[in-house]
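Construct all of the structure, not just a fragment, from the sequences and the given hints.
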Amino acid sequence: MLTLLGVSLTLTITSAQPASAAGIVGTGTPASCTEAALNKALAGGGNVYFNCGASPHTIPVTREKVVANNTLIDGMTNGQSLITLSGRGRNRIFSTQNGIEFTVKNLTIANGFTTDQGGGISSGFQGKLRVVDCTFSNNISTKQGEFDGGGAIYIQSEGTAIIERSSFDGNQAGNGGAIHNLLSDLTVVNSTFTGNQSVRSGSGGGGGAIFIDGAKGDNGKIIIRSSSFTNNTAVLQGGAIFSQLYNNNTNTIENSTLSGNSVTGTGNQGFGGGIFSVGGGANTALSLVNTTLSGNTASSQGGGLWSGNGLTVNITNSTIFGNQAISADGSGIGGGIMRTGGTINITNSTIANNSAGFEGGGIFGGTATTITNVIIANNTASNGGNSIIKNNCLDALTNGGNNLQFAANNPNDAECGAGIPIADPLLASLANNGGSTETVALLPGSPAIDAANNAACPATDQRGVARPQGGACDIGAFEAE
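Going by mature numbering (1 follows the signal peptide of the UniProt record, and there is no 0), the letters in the sequence shown line up with residues -21 to -1, 1 to 460, in that order.
Worth flagging that the hints you see were computed from the coordinates, not collected in a lab.
Restraint-style ranges between C-beta atoms, simulated for each label pair:
hint	residue 1	residue 2	range
1	Gln123	Gly320	26 to 32 Å
2	Ala438	Thr13	51 to 57 Å
3	Asn226	Gly309	35 to 41 Å
4	Pro423	Ala33	53 to 59 Å
5	Ser136	Asn433	40 to 46 Å
6	Pro35	Ala1	19 to 25 Å
7	Pro9	Gln448	53 to 59 Å
8	Asn433	Asn57	52 to 58 Å
9	Pro35	Arg144	17 to 23 Å
10	Ala1	Pro39	20 to 26 Å
11	Thr439	Ser180	40 to 46 Å
Beta carbons are placed, not taken as given, at the ideal position from N, Cα and C, and that holds for glycine.
Below is the structure:
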């Protein structure tokens, strides 16, 4: 469809040719690599490659490409990713019709724009999208409905999407500054998300980097592995990730880092500086494994993580460090973790140096939070000006055994539970100690060394170091060698 006077134009790419057909964009020079050449190569589906010369080249996209055949498009030229497709801030780059398999490799998708969803790519109903070694920058979706968005990518329902070794920088949408996932299975591996924004301020607004509105049917899965989320922002919920799960859906985040993300809402309306996650049916679970949440900020609750509504959260071999929940009026609860419903199980993790404006500098969780082999230390909470109580926890957690608690400004603070020993764990600063994420090392002489329950320890620590290194595992996410 071509609308001469419209704000954006679309071109449907369809043909009776088989999906195995191939097309080449260009004849070896930048001048030959035009939008018309791209249209011709895409027309039959199949594999599309570029022959544009040895230098980086940008193809302006003046009309959205509606892909109607299974297609692979690969921008690799002489071993380099040289091709940028730019929407010029005026139109979306690609959309796919229902059920289409679409693979995008070695391309930069930039400056896409839509008043609908998915400024860079919109993957259709029951679609299969795969993105490999791509960069998405400055793509925008302006649609502001409660569950609309996807600055770079929008994934429609009952589909699958796999994102590998890709970067998302400076994308923006109402929800899901980089990616909006609707009732589809999503896997993100070895990818980076930096400076993306969710700008919706109304109900449901969130997910500075990724907005998840359920996985694919019952037993659907969201997997985020070996990825980083840095300086992403949302107005209301989930500075980096918003995750709404439904019946039997699971969301696993492993070997990943969420750092410096924030929710900025005013009037005590900012929840989950790093992650906001809720359940919406039976048996929903969020798992954090070998993951670090650091330096994230919420303007109300849950500087690192906010969870609720029947969700089960399992945190293993993870570090929650230096997150804040502090609002303009001095309130704020759950500096590291905020639980409002459901259950949380924490094993061999370190929760340290987080802060809250009011209570629960480390954890606001109660007895529905069970901790085993966990360090909760050096967290702070002002508590209405009284900074000597409720630094680490608002109230007692369920003690699974072999834990340590310590509040540096009040060594008698035992709010995490009277049965949990109080001792300075002698923690180093957050640093690169090997492995894929930053961790907090145990200093020599730490009472956490060789003090954990071996039966509950994972086989390795957060860095991948085998446990135990001594007679027993160490408490926390770090195993001293």
